[in-house]
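Trainee: Here is how the chains run, residue by residue.
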Amino acid sequence: MKFKWALLSLVFTISTVLIGCEPVLVLDPKGPQAETTANVIWLSIATMAVIVIVVFTLLVIILFKYRASKQSEDYEPPHIEGNHIVEGIIVGIPVLIIIFLSVVSVKSTYEVESVPKGYEDQEPLVIYASSSNWKWHFSYPEEDIETVNYVFIPTDRPVEFKLYSFGPITSFWVPQLAGQKYAMADMVTTLHLAAEVPGEYMGRNANFSGEGFAENIFNVTAMSQEEFDTWIDEIHATAEPLTEDEFDRLLEPGHLGQMTFTGTHLDFLPPPEGEHGGHNHGPSESESPSHMEHEYSDHEDHEHHDHGEHDNHDSHE
Amino acid sequence: MEFFDRFAVPHPSPLIYASMVAIGLTVMAIILGITYFKKWGYLWREWLTTVDHKRIGIMYIISALLMLFRGGADAVMMRLQTSVPDNAFLDAQHYNEVFTTHGVVMIFFMAMAFVIGLMNFVVPLQIGARDVAFPRLNAISFWLYFAGAMLFNISFVIGGSPDAGWTNYYPLASTDFSTSVGVNYYNWALQISGIGTLMTGINFIVTILKMRAPGMKLMKMPMFTWSALITNIIIVFAFPVLTIALLMGTFDRQFGTNFFTSVNGGMDMMWANLFWVWGHPEVYILILPAFGIYSEIISTFSRRNLYGYNSMVSSMAIISLLSFLVWVHHFFTMGHGALTNSIFSITTMAIAVPTGIKIFNWLLTMWKGKITFTVPMLYSVAFIPLFTIGGVTGVMLAMASADYQYHNTMFLVAHFHNVIIPGVVFAMLAGLTYWWPKMFGFMLNERIGKWAFWNLAIGFCLAFFPMYITGLDGQARRMYTYSEATGFGPLNMLSFLGAGIMAIGFVLIVYNVYYSFRHAPRNVGDDPWNARTLEWATHNPVPEYNFAITPQVDSSQAFWDSKKHGYQLFKDDLKDIHMPNNSGLPIIMAGLFFIFGFSFVFFIWAGVILSGIGILACMAYRSFEKDDGYHIPVKEVKETEEKFGGAKK
Chain H
1 MKFKWALLSL VFTISTVLIG CEPVLVLDPK GPQAETTANV IWLSIATMAV
51 IVIVVFTLLV IILFKYRASK QSEDYEPPHI EGNHIVEGII VGIPVLIIIF
101 LSVVSVKSTY EVESVPKGYE DQEPLVIYAS SSNWKWHFSY PEEDIETVNY
151 VFIPTDRPVE FKLYSFGPIT SFWVPQLAGQ KYAMADMVTT LHLAAEVPGE
201 YMGRNANFSG EGFAENIFNV TAMSQEEFDT WIDEIHATAE PLTEDEFDRL
251 LEPGHLGQMT FTGTHLDFLP PPEGEHGGHN HGPSESESPS HMEHEYSDHE
301 DHEHHDHGEH DNHDSHE
Chain G
1 MEFFDRFAVP HPSPLIYASM VAIGLTVMAI ILGITYFKKW GYLWREWLTT
51 VDHKRIGIMY IISALLMLFR GGADAVMMRL QTSVPDNAFL DAQHYNEVFT
101 THGVVMIFFM AMAFVIGLMN FVVPLQIGAR DVAFPRLNAI SFWLYFAGAM
151 LFNISFVIGG SPDAGWTNYY PLASTDFSTS VGVNYYNWAL QISGIGTLMT
201 GINFIVTILK MRAPGMKLMK MPMFTWSALI TNIIIVFAFP VLTIALLMGT
251 FDRQFGTNFF TSVNGGMDMM WANLFWVWGH PEVYILILPA FGIYSEIIST
301 FSRRNLYGYN SMVSSMAIIS LLSFLVWVHH FFTMGHGALT NSIFSITTMA
351 IAVPTGIKIF NWLLTMWKGK ITFTVPMLYS VAFIPLFTIG GVTGVMLAMA
401 SADYQYHNTM FLVAHFHNVI IPGVVFAMLA GLTYWWPKMF GFMLNERIGK
451 WAFWNLAIGF CLAFFPMYIT GLDGQARRMY TYSEATGFGP LNMLSFLGAG
501 IMAIGFVLIV YNVYYSFRHA PRNVGDDPWN ARTLEWATHN PVPEYNFAIT
551 PQVDSSQAFW DSKKHGYQLF KDDLKDIHMP NNSGLPIIMA GLFFIFGFSF
601 VFFIWAGVIL SGIGILACMA YRSFEKDDGY HIPVKEVKET EEKFGGAKK
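Protein chains in written order, with full-length UniProt numbering: chain H, 1 to 317; chain G, 1 to 649.
FYI, nobody ran anything at the bench for these hints, they're computed from the structure. Heads up, some of the hints might be wrong.
As the list claims (entries may be wrong) - Below, simulated DSSO-like cross-link-like pairs (lysine-lysine); rule was C-alpha separation at most 27 Å, straight line:
1) G/Lys-220 - G/Lys-575
2) G/Lys-626 - G/Lys-571
3) G/Lys-368 - H/Lys-70
4) G/Lys-368 - G/Lys-220
5) G/Lys-564 - G/Lys-635
6) H/Lys-65 - G/Lys-368
7) G/Lys-210 - G/Lys-571
8) G/Lys-220 - G/Lys-450
9) G/Lys-450 - H/Lys-70
10) G/Lys-643 - G/Lys-370
11) G/Lys-220 - G/Lys-563
12) G/Lys-210 - G/Lys-220
13) G/Lys-563 - G/Lys-368
14) H/Lys-65 - G/Lys-626
15) G/Lys-563 - H/Lys-70
16) G/Lys-564 - H/Lys-70
17) G/Lys-564 - H/Lys-65
18) G/Lys-643 - G/Lys-217
19) G/Lys-643 - G/Lys-563
20) G/Lys-217 - G/Lys-571
21) H/Lys-70 - G/Lys-370
22) G/Lys-368 - G/Lys-643
23) G/Lys-643 - G/Lys-626
24) G/Lys-217 - G/Lys-563
25) G/Lys-643 - G/Lys-220
26) G/Lys-575 - G/Lys-217
27) G/Lys-220 - H/Lys-65
It should be emphasised that the depicted structure is a prediction, and the values quoted were computed from it without experimental measurement.
Sequences and hints are given; from them, build the entire structure.
Mentor: Below you can see the structure in the form of structure tokens.
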């Protein structure tokens with residue numbers, strides 16, 4: 001009995017603390033994708049709270065009413081096999097709840113996996129985000145610049161992050177803008193998001209990737225399109241070009257601060273998509289999208305002479 | 001000296017040197033102690049060579065408790081390290097090794113061993129059998145598990161621990177990124193103990209299907225036996241996947257193949273899939289026996305029959321099927337698209353329905369009952385609300401879109417500890433307390449037991465509920481530290497305090513064993529809990545032949561019926577009892593397996609070949625060995641029964 005109250009008061013305290021403090025990142029969305037997930041989370045918390053309250057109430061009542069110390073010596077509990085109506089209820093109601101949540105889950109999953117709602121007819125900004133131990137490289141193929149450990153994005157415009165990794169599996173995560181997606185060495189995955197509030201957001205690799213994992217973080221800054229364009233121009237005016245040698249140095253394991261370059265590494269080291277994908281090694285000359293054969297040859301052995309063309313290939317998801 | 005260089009620990013620290021000394025001293029103390037008290041012969045005859053399911057069960061449980069403390073020490077170290085921002089108690093590499101070993105030890109060597117230990121002890125008694133179907137195979141299972149556990153545990157001081165997480169994802173676990181022999185240890189320790197588990201699975205399926213007492217139809221089996229049957233069926237289907245995945249990993253790491261690499265046609269995602277095709281059913285391998293234990297305990301201490309027996313059985317069967325259809329939810333974020341995620345999201349949520357049935361059935365079992373709050377019942381009563389919280393957060397995680405935000409965060413860590421600790425660990429402690437008099441003939445002290453329970457329950461809430469919040473606030477799991485600016489500090493400190501309180505709880509349990517061993521009365525009788533199922537129809541502690549006369553059964557609570565309705569359990573007369581002989585072969589084979597694994601980890605081919613030949617020789621010897629067991633004559637059975645206070649009628 002004491003335990004029940006201890007537990008209830010604990011849950012109560014925690015929820016008070018939760019409400020009292022400033023909202024936690026995931027529930028403080030700054031863009032449509034994160035807003036969808038935050039809404040789903042609140043909805044599921046509310047639904048689940050009903051179940052928790054029902055179970056807790058039943059348990060407290062039963063423990064209180066049927067404890068031995070409250071009953072006469074000679075009370076002998078009855079033998080009860082089960083009851084079809086009761087069993088129908090304890091199956092039926094959870095089934096209805098699960099159906100409801102399934103609909104929510106499927107609908108919202110399709111939402112966050114596609115271009116944010118209301119942004120379908122805008123041209124997305126494409127940014128390749130690749131991880132290496134323990135850094136993030138952001139390549140802007142259109143703008144022809146590359147940054148390390150920070151990324152600027154315009155607000156109110158869809159952004160398409162193309163994710164891959166130069167090492168272990170990592171997980172790209174900006175809690176206030178969208179949920180996670182893995183970055184892997186043998187394919188490119190796509191994460192759609194948009195920011196609606198200018199500001200700086202924490203981004204990190206959420207998937208354990210070895211010794212430097214804890215500090216594998218990056219900054220996301222959302223700003224208006226004009227400011228973004230000014231920033232791009234500034235970089236073209238001030239930053240050094242990214243050379244192949246320089247990029248090889250960047251790939252070495254370790255931590256780097258924030259860095260900025262003109263040009264992208266995509267030019268000399270194409271991402272693992274289309275014909276460069278880990279599981280789709282067609283001959284380099286072939287531009288036909290229909291070739292399905294898998295040629296198991298070393299990725300590194302390929303010579304890449306097709307500068308600039310890889311952007312046109314679709315990632316295969 | 002070059003030969004010995006490979007055994008050096010790659011990241012030595014004072015902590016590791018201290019462990020080396022501690023391990024060395026403990027081993028020496030044990031050896032000297034046994035020699036001093038002249039117990040080698042006793043140990044060898046009665047325990048190391050035993051094929052008795054009860055003793056094997058007890059050895060499993062002792063090993064599991066040892067591993068619980070090993071894994072628990074890891075846990076406290078982790079919580080201490082993250083209790084304040086920018087802590088320097090452990091460095092990153094060390095922390096990585098600690099959380100990896102914590103996960104592996106707790107799942108494979110603690111929880112699995114505890115579950116299998118209790119199944120070993122209880123199942124044959126509950127079905128009225130004299131032993132399991134293949135007693136010697138059972139001994140091999142245990143010793144293989146033990147060899148695997150020991151192999152894994154020496155990695156800390158010889159050659160280095162695995163550091164790629166208990167999920168061991170490639171390519172992080174490949175030789176490119178995990179250069180020490182740690183992951184080799186992971187592969188071989190799990191391989192060896194996994195073979196043991198697979199044999200246990202086969203053994204128990206046969207035992208339960210073929211060796212039930214006359215009259216015990218399938219739908220008249222006690223609920224724990226039902227849970228054991230379904231669990232072992234899952235083991236037999238799931239473990240071969242792990243065996244093959246580990247073998248492929250071994251080939252990748254030690255022979256340069258490319259199963260899980262990201263070049264040359266390898267596929268790192270395949271490891272994640274294979275691992276979780278085994279890993280998700282594994283969750284149910286742990287939780288279903290726990291459900292069985294709770295069913296027994298709640299029914300006993302509510303003085304009522306289990307409500308909805310049929311729906312309890314069918315919900316377990318449905319869970320076991322669904323458990324193979326949900327593995328993708330462990331990596332919704334891998335980018336396989338909305339359709340795949342939607343399907344696995346729905347199958348995952350569907351598991352909530354049969355699980356919910358069970359929760360409500362337990363509540364309805366207590367309804368109109370006469371509830372006494374013994375220690376086992378306290379664990380069971382705390383299990384219901386805590387597991388409900390764990391279960392509903394599971395449903396939240398199952399919603400794929402939301403999971404993109406929970407994945408890899410402390411929210412997930414909070415969730416799975418929320419199901420495993422109140423679910424599995426509480427069940428094991430409850431079961432151990434409940435069946436303790438069956439094992440040793442005396443009861444554990446209730447007062448100390450209650451203190452331990454409250455520490456564990458309150459400590460658990462303090463340790464894990466804050467993680468739900470830090471997870472939503474962006475704290476990824478497996479981070480060895482965080483900056484002060486994140487604001488994770490206070491809640492992590494709370495977690496550390498909770499972990500400390502839990503540690504006190506576990507120490508109290510050990511003290512309780514010591515205290516009760518010294519002071520508890522030995523005349524508890526054969527039915528101290530007023531129980532309902534067949535295992536209580538024989539003596540405490542159980543004689544080696546279990547039942548002097550094979551019982552005949554007519555319901556799932558035959559013993560209760562015999563007490564209340566005058567049902568005759570033992571209708572036959574005493575006969576000679578046929579028993580299996582002890583054998584030293586299992587422990588010798590496991591020792592050879594240990595050498596085999598150890599040599600393989602370090603590429604010592606001579607050791608691999610010699611121990612491999614040794615293993616095959618043991619198997620050949622067994623094939624030609626003629627061993628028909630022995631008989632206990634009626635006279636001796638009678639004497640034993642007299643000693644226990646008269647033959648059971």
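Trainee: A separate judgement is required for each hint: does it hold in the structure or not?
Mentor: Going through the hints against the structure:
Restraint check: the Cα-Cα separation between G/Lys-220 and G/Lys-575 comes to about 26 Å, which is no more than 27 Å; the hinted pair holds. Of the supplied pair hints, the one linking G/Lys-626 and G/Lys-571 is violated, its CA atoms being roughly 34 Å apart against a limit of 27 Å. Taken as a hint, the G/Lys-368 and H/Lys-70 pair is honoured in the structure, with Cα atoms around 12 Å apart against an allowance of 27 Å. Pair hint G/Lys-368 plus G/Lys-220 holds up; C-alpha atoms about 23 Å apart against a cutoff of 27 Å.
A hinted pair counts as satisfied when its Cα atoms are at most 27 Å apart, and G/Lys-564 with G/Lys-635 does not qualify at roughly 31 Å. Restraint check for H/Lys-65 and G/Lys-368: the C-alpha separation of about 8 Å stays at or below 27 Å, so the hint holds. At most 27 Å may separate the alpha-carbon atoms for a hinted pair to count; G/Lys-210 and G/Lys-571 meet this at roughly 21 Å. Taking the CA atoms of G/Lys-220 and G/Lys-450, the gap is near 33 Å; set against the 27 Å cutoff, the hint is violated.
Of the pairs offered as hints, the one joining G/Lys-450 and H/Lys-70 holds, with about 21 Å between alpha carbons and a cut-off of 27 Å not exceeded. Restraint check for G/Lys-643 and G/Lys-370: not satisfied, since their Cα atoms lie roughly 34 Å apart, outside the 27 Å limit. This hinted pair checks out: G/Lys-220 and G/Lys-563 have alpha carbons roughly 17 Å apart, not beyond 27 Å. Pair hint G/Lys-210 plus G/Lys-220 holds up; C-alpha atoms about 14 Å apart against a cutoff of 27 Å.
For the hint linking G/Lys-563 to G/Lys-368, the alpha-carbon distance of about 21 Å falls within 27 Å, and the restraint holds. For a cut-off of 27 Å, the pair hint linking H/Lys-65 to G/Lys-626 is broken: about 61 Å separates their Cα positions. Only pairs whose Cα atoms come within 27 Å are accepted, and G/Lys-563 paired with H/Lys-70 is accepted, the gap being roughly 24 Å. A hinted pair counts as satisfied when its Cα atoms are at most 27 Å apart, and G/Lys-564 with H/Lys-70 qualifies at roughly 23 Å.
Between G/Lys-564 and H/Lys-65 the CA atoms are separated by roughly 25 Å; this keeps the pair inside 27 Å, and the hint holds. With a C-alpha separation of about 33 Å, the suggested pairing of G/Lys-643 with G/Lys-217 is violated against the 27 Å cut-off. Taking the CA atoms of G/Lys-643 and G/Lys-563, the gap is near 22 Å; set against the 27 Å cutoff, the hint holds. For a cut-off of 27 Å, the pair hint linking G/Lys-217 to G/Lys-571 stands: about 18 Å separates their Cα positions.
Simply put, H/Lys-70 and G/Lys-370 have alpha-carbon atoms about 9 Å apart, close enough for the 27 Å limit, and the pair holds. With a CA separation close to 40 Å, the supplied pair G/Lys-368 and G/Lys-643 exceeds the 27 Å bound. For the hint linking G/Lys-643 to G/Lys-626, the alpha-carbon distance of about 34 Å lies beyond 27 Å, and the restraint is violated. Only pairs whose Cα atoms come within 27 Å are accepted, and G/Lys-217 paired with G/Lys-563 is accepted, the gap being roughly 21 Å.
For the suggested pair G/Lys-643 and G/Lys-220, the alpha carbons sit about 32 Å apart, so the restraint of at most 27 Å is broken. Taking the CA atoms of G/Lys-575 and G/Lys-217, the gap is about 24 Å. The hint holds against a cut of 27 Å. With a C-alpha separation of about 30 Å, the suggested pair G/Lys-220 and H/Lys-65 falls outside the 27 Å cut-off, and the hint is violated.
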